[in-house]
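Chemist: Sequence:
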Amino acid sequence: MGDNEPPLSPNPAQRSASSPLPGADNLDSPGCHESSEGSMTEEMDSDSEFTVVTGRRLKRKLRRTSTTSETMAGMPTGPKVLTVGYVPVKKTDNLNTLNRQKLTEYFRQVAVNQVKEIRINARLNVLTVDVTTDGIIDTLKAITGLGNIQMRSFLVHGKETTTGVISDVDLEINDSDLVQLLSSTVRILDIHRIGRSRCVKVVFQCDSLPASVKVGYVRHLCASVCATAPSVP
Numbered sequence: 001m002g003d004n005e006p007p008l009s010p011n012p013a014q015r016s017a018s019s020p021l022p023g024a025d026n027l028d029s030p031g032c033h034e035s036s037e038g039s040m041t042e043e044m045d046s047d048s049e050f051t052v053v054t055g056r057r058l059k060r061k062l063r064r065t066s067t068t069s070e071t072m073a074g075m076p077t078g079p080k081v082l083t084v085g086y087v088p089v090k091k092t093d094n095l096n097t098l099n100r101q102k103l104t105e106y107f108r109q110v111a112v113n114q115v116k117e118i119r120i121n122a123r124l125n126v127l128t129v130d131v132t133t134d135g136i137i138d139t140l141k142a143i144t145g146l147g148n149i150q151m152r153s154f155l156v157h158g159k160e161t162t163t164g165v166i167s168d169v170d171l172e173i174n175d176s177d178l179v180q181l182l183s184s185t186v187r188i189l190d191i192h193r194i195g196r197s198r199c200v201k202v203v204f205q206c207d208s209l210p211a212s213v214k215v216g217y218v219r220h221l222c223a224s225v226c227a228t229a230p231s232v233p
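Quick note: the sequence shown, position 162, residue 162 per UniProt numbering, numbers continuous.
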């Protein structure tokens, strides 16, 4: 080649491999506000799947040699991931303004060697923390502020859980007291009063909703979220 020839520019496949994806620091994740945690979680499930587009030449080399089921069967099963989400109490607060480095340092101290990933969804204004042990969940849910933003926490639930609503729960009973008073035949994962109403949302670790739960010695019937949604403020 001559000395005057211009340098070769990388092809599209090389550029996509060397250049960062736009907006890669704002990872999509779950989120919710007050009485819409279920729909937010469903939206998280669809938004959290990313596909990296590469050049055609690279695509031709990626040929399947086995079926999806065969590939999954040969893969080792990783540790179970639990997720705690945070939303600002004031809807005008923007979680995207939080310092990423300070968030990492804070959660590294709060949950030593237990945090897998921290994600911020700028569109939904939700921050989520993935951990690998359930022993730290209560500690993370007790966090009420990050930086100068007041937060409300919630547990992001998978498909192996069922959510129900109980009614006529005295307003004087707060969520922390309900944790001690509520009992059921199946394990209870999360309790959250819906706004300032007498309705309480309960998440169970099972695939079918129990008929009832007890608040102290008083029995309350469980209803599905869909059945009670129109009347819940």
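Keep in mind the hints are simulated off the structure, nothing from the lab. Treat the hints with care, as some may be off.
[Unchecked claim] Quick list of in silico lysine to any residue cross-link-like pairs, SDA-like style, CA-CA up to 25 Å:
no., residue 1, residue 2
1, K201, I137
2, K201, E172
3, K201, S184
4, K201, Y106
5, K90, R196
6, K116, T92
[Unchecked claim] Computed beta-carbon distance windows for the label pairs:
no., residue 1, residue 2, range
7, A223, V81, 45 to 51 Å
8, D138, Q101, 35 to 41 Å
9, V89, Q109, 28 to 34 Å
10, D168, T97, 39 to 45 Å
11, T92, G216, 22 to 28 Å
12, R100, T132, 16 to 22 Å
13, R198, G135, 21 to 27 Å
14, G195, G135, 41 to 47 Å
15, N99, A211, 25 to 31 Å
From the three backbone atoms N, C-alpha and C, an ideal C-beta is built for every residue, glycine too.
Chemist: Hint by hint, say whether it matches the structure.
Modeler: Going down the list of hints, with the structure as the test:
Taken as a hint, the K201 and I137 pair is honoured in the structure, with Cα atoms around 18 Å apart against an allowance of 25 Å. For the suggested pair K201 and E172, the alpha carbons sit about 16 Å apart, so the restraint of at most 25 Å is met. In summary, the hint linking K201 to S184 is supported, as the alpha carbons are separated by about 14 Å, within the 25 Å threshold. A distance of roughly 30 Å separates the Cα atoms of K201 and Y106; the hinted pair therefore is violated under the 25 Å criterion.
At roughly 16 Å between alpha-carbon atoms, K90 and R196 fall within 25 Å of each other, so this suggested pair holds. Taking the CA atoms of K116 and T92, the gap is about 28 Å. The hint is violated against a cut of 25 Å. As the Cβ distance of A223 to V81 is approximately 30 Å, the hint placing it in 45 to 51 Å is violated. Remark: the range hint 35 to 41 Å for D138 to Q101 is contradicted by a beta-carbon distance near 26 Å.
Checking the proposed 28 to 34 Å range against V89 and Q109 shows it is violated: the Cβ atoms sit about 23 Å from each other. For D168 and T97, the Cβ-Cβ distance of about 41 Å falls inside the hinted range of 39 to 45 Å, so the restraint holds. Judged by the Cβ atoms, the range 22 to 28 Å given for T92 and G216 is violated: they are separated by roughly 39 Å. Remark: the range hint 16 to 22 Å for R100 to T132 is upheld by a beta-carbon distance near 21 Å.
The hinted window of 21 to 27 Å between R198 and G135 is violated, with their beta carbons roughly 32 Å apart. Checking the proposed 41 to 47 Å range against G195 and G135 shows it is violated: the Cβ atoms sit about 30 Å from each other. One distance hint, 25 to 31 Å for the beta-carbon pair N99 and A211, is violated here, with the actual separation near 48 Å.
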